[in-house]
Amino acid sequence: MDFLRPASWEEALAAKAEHPAAVPIAGGTDVMVEINFGHRRPDHLLDLNRIGELAEWESGADSVRLGASVPYAAIMENLRAELPGLALASHTVASPQIRNRGGVGGNLGTASPAGDAHPALLAAGAEVEAESAARGSRRIPIDDFYTGVKRNALAPDELIRAVHIKKADGPQQYSKVGTRNAMVIAVCAFGLALHPATRTVRTGIGSAAPTPVRAKTAEEFLNAALEEDGLWDNGETITPSVAQRFADLCAAACNPIDDVRGTAGYRRRAVGVMARRTLTWTWESYRGTRRTLKGAA
Amino acid sequence: MPTTGAPTKLTQGSQARGGIGASTLRPDGTLKVTGEFAFASDMWHEDMLWGQTLRSTVAHAEIVSIDTSQALATPGVYAVMTYDDLPTDVRTYGLEIQDTPVLAHGKVRHHGEPVALVAADHPETARRAAAKIDVEYRELPVITDEASALAPDAVLVHENRDDLPQGPPASDGPGGTPIAGHVPHPNIVHRQPIVRGDVEAARERADVIVEGEYTFGMQDQAFLGPESGLAVPEEDGGVHLYIATQWLHADLRQIAPVLGLPETKVRMTLAGVGGAFGGREDLSMQIHACLLALRTGKPVKIVYNRFESFFGHVHRHPAKLRYEHGATKDGKLTHMKCRIVLDGGAYASTSAAVVGNASSLSAGPYAVDAVDIEALALYTNNPPCGAMRGFGAVQACFAYEAQMDRLAQRLGLDPVEFRQLNAMEQGTLMPTGQPVDSPAPVAELLRRVKAMPMPPERDWESSEGADVRQLPGGLSNTTHGEGVVRGVGYAVGIKNVGFSEGFDDYSTARVRMEVIGGEPVATVHTAMAEVGQGGVTVHAQIARTELGVAQVTIHPADTRVGSAGSTSASRQTYVTGGAVKNACERVRERVLEIGRRKFGSYHPAWATAELLLEHGRVVTDGGEILADLADVLDDEVVEAEEEWRHRPTEPFDPHTGQGNGHVQYSFAAHRAVVDVDTELGLVKVVELACAQDVGKALNPLSVIGQIQGGTTQGLGIAVMEEIVVDPRTAKVRNPSFTDYLIPTILDTPPMPVDVLELADEHAPYGLRGVGEAPTLSSTPAVLAAIRDATGLELNRTPVRPEHLTGTG
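Same order as they appear, the protein sequences are chains H and C.
Here the first sequence is numbered in my numbering, starting from 1 and rising by one per residue.
Here the second sequence is numbered in my numbering, starting from 1001 and rising by one per residue.
Only chain H is shown next, with the shape it has when bound in the complex (with noise of 0.2 Å):
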């Protein structure tokens, strides 16, 4: 195994060009794994570790733009006000030490299906920025990104740079389901996020079928409920039958299977129960806010 360490994104690039089956490795939380358990045994490891940008971040008008490999816990410390729901994901990520280490970039690179990050990136909305030595960079809609099980959109060549995540324009939340009450990788997870400004509700779903995905019927019953019911301006409460609604509806877009963490039962039903109390939460946050800013006007 050859253990490459370009110092340099262009370089990076290179030899990701030369080597296309290279892994890249930044926190190791995923790879170290797969290698100590002998389940893969790549030629060439790519290490990122050199290359500083990948862990810094940049707050702009609209979006932050985070490196790949800004640890969990800079996330934890620095973005909870702009991006509440990843910061809340990546608090449920593993252990103090491995929060640390592990980044963003990671999860995208393995996209399992239970990588914490995902339900967070869909409910926020995202873009990965994804870059090759032959074709320059690109920005890949998080909707798209995820192609099968631990399957992406990225081409041989290419690496992740960043991910422009949009700041939060209104509450959001993240829960997950685990046997233990740390250090657990989810049996499920849901990622909620409120978009006052476009006046739409997001959502995503890990653990629970084959790729982490959006629950777009419920997204859409629950746009139409609140426009009908005129509530995003009233701040009135969502009524339980149409939060049930909502929360049967994002069961229904989970495709789970038996595994040993659980079952596809249990996972649907954990599902609908989260995405009916995270809708709670950030509702009521919601109302909070108006109410909050009634008072001052």
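Honestly, the hints are just simulated from the structure, not real lab data.
A few of these clues could be false.
[To be verified] Label-pair distances were calculated between CB atoms; the ranges are:
#1 L1224/C x T147/H: 52 to 58 Å
#2 D1163/C x R5/H: 55 to 61 Å
#3 P1700/C x H39/H: 44 to 50 Å
#4 G38/H x P1455/C: 55 to 61 Å
#5 V260/H x V1064/C: 28 to 34 Å
#6 L1224/C x G38/H: 19 to 25 Å
#7 E1200/C x Q244/H: 51 to 57 Å
#8 R5/H x P1700/C: 49 to 55 Å
#9 A252/H x L1164/C: 56 to 62 Å
#10 V260/H x E1213/C: 23 to 29 Å
Here the structure is a predicted model, which is why all the values come from computation and not from measurement.
Ideal Cβ placement from N, Cα and C applies to all residues, glycine included.
With the hints as your guide, set chain C onto chain H.
Relative to chain H, chain C alone:
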């Protein structure tokens, strides 16, 4: 021996008196928390090779062929060994029944069975070479449960058993009922019936009868330091094995014959042990490393990774338990019938002794005069099961405590009061007919644990919102209080201490006293395996108390001294502690003899008074100082080596189960408080309070640690820990810490402990073994609390979210 990481002497000075009853700190504690302690996996030797085990990928198959040529041709490989390369005709081992092949021969009987060995100059080379060994299997049907084990056409897991008792089956059962021989089928390792009293007559008196069927999952010891050892060939043709184990001499007895060496040529030294909990009672890589070292003439180290560790040691027996209890309407038990089927897996390990415990302790800490009990362990193609903290008593406690709650509910009685009404006490007869001959404060422990203040309700609420760390789901942020219901549950258990059923259970201690640098120093040398239980601390405390010294050196444990028995069965403080006390007493007598010889003529008290060693001096029981120990000893060295035994026990009758089989019992009671998210099926154990009688706390801090550790291990099997075996293939599905979950600190609740000290007059200092009892009752207490919160029956542990949400 030039090994890095080899054990060194632990010298413990103490400014305080540091004798028994003091909470002196562990001599290895700071080293362990700062990462400086050398565990077995840290050992290194110049020129050493790395050993690797090739394990079966299927659970039950004939081995058609093994081709090692590719592995042997790999550069860096020094040796490849299969069954055919074993040096002698002794090719199996085992603690009770020698049925475990050193390397598989002809057939593999469980997933992960060792098939071949490789030694190479780099661990990765060894791993890759092992992967090149080509084994052709012809798969056989798998035996996975009682039905498949005892089916008319069942394949025999062991086709040529020679351990079964000879002679015709007995037919002298109670009431003339014929009963089969005590092991009626070759796929049963061992069976123990216990019958006492007239169950049918007692049943007639019962106003309520409660029947239940319970399932207990397979728990792993999950010690953090994986199996590891270093075998160094010696010039005399022998071998020196540095090893993390629970019992050096039992290892030695099994290793030497396979190597074809006399025991004197197999030297063993205990390496740093990272936890055990029963999982190191059986051999793992010991023989393998020695074989490779002798074959190559080079030191060989073997370290399992976590994946291999799940296959490298036995687990706790999963069990199916069927119980019937009767009680009168005023709340007195009339009778108990039970049948406990333990899955022993492919090899016997300690299954027979586990059966003995499960059967003899199946009635729990209750007085019940009429019992009809049967426990047995199966041979199957599941992973082998054997010793784990609680050893057969754990599974039974889970079931009988569920029964107690159901009986109380049927009778409309408080569950604690109902238990107290039936609690055993000193003098109560066990189902085996053996009287309990030391304090048995079962009702008092329940009273104490119930009297502890309750944790506050809705502790997670604050003005800033919910603190998710205090809620089910924890940091995963699944509830802010929605769906959360609190429950409270109680349980109490009984565990035997020490080896039972007539086993000659002894320990050896060598104690030496001399003057070093003007100060009297004691050295304690035993073969006791320190696996984290704190024996090294307690031995020093005993020496200080008995010999009046401040400085005590604990010699590394090795086989240059006699056996200390196993670090298991809650026995080490009792038995090896007893041996150290006994050896110290002999040393003291001889020191006093020297004193009388040298100074006797100067003071009449030397001849007439009761003399003690305190603070480095010889004093009278009236406190008068007679001499400094340094002056008494001068340059003399006093040393004594003694074997020490607890009171003898006797085997249980194979058909009636009667007999004085146990030497001592240990009792603990728990109260569990849980919050359950009833919609998601997630559990937060809020508090696990424990009251335990320890006879005498030699080191109160260590006692609390044992109780809290055992309690946590019981919590693990209540809500998360389980090795999942596919019933179709008998293959393990979750051999990793990603999918075999053990409690984190966030899952571990506050555990207030109330320690009771009622002396057992038969035991050294009145002490009672501590380590296992808390593992028994914490599991059923948590289950009872979850039942209280949810109203669900929950006859299985661990409880999974599916069971709480009806999505299984």
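### Message
Output the indices of the hints that this structure fails to meet, ascending.
### Response
1 and 4
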